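Enquirer: From first to last, the protein sequence lines stand for chains A and B.
So for the first sequence, the numbering used here puts the first residue at 78; every next one is plus one.
So for the second sequence, the numbering used here puts the first residue at 67; every next one is plus one.
By construction, these hints were calculated from the structure, which means they are not laboratory data.
Every value quoted in this text rests on a predicted model; they were computed, and no experiment measured them.
Please note that a few of the clues may not be correct.
[Unchecked claim] Below, a sample of chain B positions facing chain A; criterion: calculated Cβ distance under 8 Å: (1) Ala138; (2) Ser188; (3) Ala195; (4) Val236; (5) Arg237; (6) Leu245.
Glycine residues also receive a C-beta, built at the ideal position from the N, C-alpha and C atoms.
So the chains spell out like this:
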Amino acid sequence: MSCPPEWWVAAYVDQGIEPAEVRRLEAHLVGCERCRGRVLALREEARALTALLADDAAPARGAVLAVGPAPARGFAYGLPLAVGVTALATAAGSALIEMLPSGLGWLSPSTLLGVNEMLFDTVFLLRDRAPGWLELATALGALAGLAAVFTFLAGALLRRYAGARALAAFALLVLALGGSEPARATVRFEHRDSVRIARGESHAGTLVVSCESLEIDGIVVGDVLAVCERVAIRGEVEGSVIAMGREIELRGRIADGLIAGGEQIAVTGTVGASAYLAGERIVVGPGARVARDAFLGGERVRVEGEVARDLASVGERLEIEGEVGRDVEVRAERVLVLSGARVAGGLRAHLPERERLEVAEGAVIAGASDVVLLDRHAHTLWSRYRDGRFYTWTAVGFVASFLIGLILHALAPSWFAGRIETGRAFFASLGLGAAFAVLFPFGLVLLALTIVGIPAALIGLAAWAVSLYLGAVVAAALIGRSLVRPRGDSMREFGMALAAGLAVVVLLRNLPFVGAPAGWVIALVGVGVLLAQAHAAWRRTRRPAG
Amino acid sequence: MALAEAGGAAIDRQEPEALVARVALGDREAFADLFFACSEPLTRLCRRLLGSDEDAKDARSEVFLRAREALAGYDPARPFRTWLLAVAAHHCIDQLRRRAVEGRLFDAADLSADALPSAAPSPLGSALARERREQLLAALDALPPRHRAPLVLRYFAELPYDAIAELLGVRARDVGVLLFRAKLRLREALSEGGLQ
Numbered sequence: 078m079s080c081p082p083e084w085w086v087a088a089y090v091d092q093g094i095e096p097a098e099v100r101r102l103e104a105h106l107v108g109c110e111r112c113r114g115r116v117l118a119l120r121e122e123a124r125a126l127t128a129l130l131a132d133d134a135a136p137a138r139g140a141v142l143a144v145g146p147a148p149a150r151g152f153a154y155g156l157p158l159a160v161g162v163t164a165l166a167t168a169a170g171s172a173l174i175e176m177l178p179s180g181l182g183w184l185s186p187s188t189l190l191g192v193n194e195m196l197f198d199t200v201f202l203l204r205d206r207a208p209g210w211l212e213l214a215t216a217l218g219a220l221a222g223l224a225a226v227f228t229f230l231a232g233a234l235l236r237r238y239a240g241a242r243a244l245a246a247f248a249l250l251v252l253a254l255g256g257s258e259p260a261r262a263t264v265r266f267e268h269r270d271s272v273r274i275a276r277g278e279s280h281a282g283t284l285v286v287s288c289e290s291l292e293i294d295g296i297v298v299g300d301v302l303a304v305c306e307r308v309a310i311r312g313e314v315e316g317s318v319i320a321m322g323r324e325i326e327l328r329g330r331i332a333d334g335l336i337a338g339g340e341q342i343a344v345t346g347t348v349g350a351s352a353y354l355a356g357e358r359i360v361v362g363p364g365a366r367v368a369r370d371a372f373l374g375g376e377r378v379r380v381e382g383e384v385a386r387d388l389a390s391v392g393e394r395l396e397i398e399g400e401v402g403r404d405v406e407v408r409a410e411r412v413l414v415l416s417g418a419r420v421a422g423g424l425r426a427h428l429p430e431r432e433r434l435e436v437a438e439g440a441v442i443a444g445a446s447d448v449v450l451l452d453r454h455a456h457t458l459w460s461r462y463r464d465g466r467f468y469t470w471t472a473v474g475f476v477a478s479f480l481i482g483l484i485l486h487a488l489a490p491s492w493f494a495g496r497i498e499t500g501r502a503f504f505a506s507l508g509l510g511a512a513f514a515v516l517f518p519f520g521l522v523l524l525a526l527t528i529v530g531i532p533a534a535l536i537g538l539a540a541w542a543v544s545l546y547l548g549a550v551v552a553a554a555l556i557g558r559s560l561v562r563p564r565g566d567s568m569r570e571f572g573m574a575l576a577a578g579l580a581v582v583v584l585l586r587n588l589p590f591v592g593a594p595a596g597w598v599i600a601l602v603g604v605g606v607l608l609a610q611a612h613a614a615w616r617r618t619r620r621p622a623g
Numbered sequence: 067m068a069l070a071e072a073g074g075a076a077i078d079r080q081e082p083e084a085l086v087a088r089v090a091l092g093d094r095e096a097f098a099d100l101f102f103a104c105s106e107p108l109t110r111l112c113r114r115l116l117g118s119d120e121d122a123k124d125a126r127s128e129v130f131l132r133a134r135e136a137l138a139g140y141d142p143a144r145p146f147r148t149w150l151l152a153v154a155a156h157h158c159i160d161q162l163r164r165r166a167v168e169g170r171l172f173d174a175a176d177l178s179a180d181a182l183p184s185a186a187p188s189p190l191g192s193a194l195a196r197e198r199r200e201q202l203l204a205a206l207d208a209l210p211p212r213h214r215a216p217l218v219l220r221y222f223a224e225l226p227y228d229a230i231a232e233l234l235g236v237r238a239r240d241v242g243v244l245l246f247r248a249k250l251r252l253r254e255a256l257s258e259g260g261l262q
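Work the whole structure out from these sequences, hints included.
Expert: Okay, structure coming up:
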């Protein structure tokens, strides 16, 4: 081997060549005195340069440099492309759904996929097939969730006010939670195949049930919280009832309100306060009485009994054969007021056509009955822009988001530290956000199936909604920063960026056709960024400096 | 209580590790403390790369913001100082690139090993470097950025070749050529100075 060029030897001295090349060069050095001399001279030169540049404060020897995350170099084509593709896809998708003739409504993705039924089926199937596994998993999940919430709170308090005050505050918090009313109430948790409170039996305190079938023939002096396939209340509940299940039947008496969601809901008994019912088929049968208002949302809703105050309904078809003490407000495809129906107030129906409201001969509507035409396209596309309230509420929403963003930035600036600079990062965030948005509620439903899980699931549901909202705020800040390019991170500069971003988000969300999907994309991307940030923070705490 | 006391003591002593841990948790005050602890070498790095005190000052505040935003990507297992210097180097190289024509620091001739002169002045000795310190620093400042940047990154920031290559957007092998070319310029400057 002839002598290598001097620059190559210098690179060897600087440890800048590959191990294989090092071996070859060293093999040459063994036999070449001239090159050995060059190595020594070059090494001295390198030291001299280091000493010269270091002045008197050279960095520690052998310090290995971790190259920080490379800030974006120049203009990334990927990001605008990714945003563009997503925008086109959402626009095309929503335009297709909007333009679908009503007869082809079943082609709409949510109907086609049978999302509702699938959710119910999965949940109950899991309950049937693997109850033990499910209970264990969800109980553990609930405990872990609560533990995580507590640890987070404790950690946050300790970090913010290290010392005795934090511990005192935390102790107070624990006392407040532990000593609160619901915890002290006599709660009975039931989790069996079927739970029955027989005639003549009574249960004092809140009853929380998760089972296949719940039957109450006796008396419950307290509230009932049930997640069951079948719920039948033939006895009395001296409180409120919150129930979710396939079939829910109320034949007895509930002293307070009823909140129920299920496939079929039948009320023939008495509800002492308002009833909020959502399901595929809802029947308020003959002899039923809702002492206050009734809010009924379902594909087919039939009211044969009495609603003492207002009746509000949303769905495909509403039939009224009973009595309504005040007004009826309905938005549906078809409304039938049958013979024998008595509405003491007025009736206002939002319908696609005037003929869709049919009032039979023997029906009585004391007040005015009017139909508000619900032109599908005109309504969804333009009508809201002509309504002054739309602008008021948009402005209120904007200000609220802005304030929340500012507060959040002051409290937890790291939430806004995430960024998206490439198309890949955009899709990754979108995917992460979408996975969270879909999987998290599924997890919550599973969690809610165990009795321990219901409160945790309710907290989780609130957290889910809040995180989607915050996701949109974070995404708005990202958009704003890329537009305004603030030089600093002060309140003023961040505020300007946030305001700009929110303005864009509000504008996008209110565009016809693409508004709703665009809003979702923005929120999901924001949630994805937040999750990535949280993951990075978690990784950092797991690998402390050493 | 013990936990709180231990934390307080560590913070009082301003141990870099404790500060780093606080920085990793997103503590802005701790970040500012650490940043100012590294401020001196950071300013000098910027000064060496950009060539003027004024630019170095601007760069310093830019790097502060940039580093705070990039904090999520900081791995506490590595020294904070080197991470911060890398962020600063990124920023300065971006600046140099912006100044350069067409945004390119190097052309093909800079990177070609073939164009290196065959007969070069001998390497600088330590003694000579000490003796001609001011002259050498002046020569360094007079170098064009494409020669100065690799030298500063290697011998001041002590970056390995692959990190320099990533920063400058060249291959690791090219770094050797660039560095050697820069050294030649310094040797020439010094030998000319010696003759005068």
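Enquirer: Against chain A, is Val236/B within 8 Å by beta-carbon distance?
Expert: Since chain A brings no Cβ nearer than about 12 Å to Val236/B, farther than 8 Å, the hint is violated.
Enquirer: Min Cβ distance, Leu245/B to chain A: is it shorter than 8 Å?
Expert: Cβ of Leu245/B sits 7 Å from chain A, so the hint holds.
Enquirer: Quick one, is the Ala138/B hint okay against chain A at 8 Å, beta carbons?
Expert: With a minimum Cβ separation of about 5 Å from chain A (threshold 8 Å), the hint on Ala138/B holds.
Enquirer: If you take the shortest Cβ to Cβ gap from Ala195/B to chain A, is it below 8 Å?
Expert: With a minimum Cβ separation of about 4 Å from chain A (threshold 8 Å), the hint on Ala195/B holds.
Enquirer: Under 8 Å is the threshold here; is the Cβ of Ser188/B close enough to any Cβ of chain A for the hint to stand?
Expert: holds, 7 Å
Enquirer: For the hint on Arg237/B, does the least C-beta distance to chain A fall short of 8 Å?
Expert: violated, 11 Å
In this structure, the earlier hints numbered 4 and 5 are contradicted, and the remaining ones agree with it.
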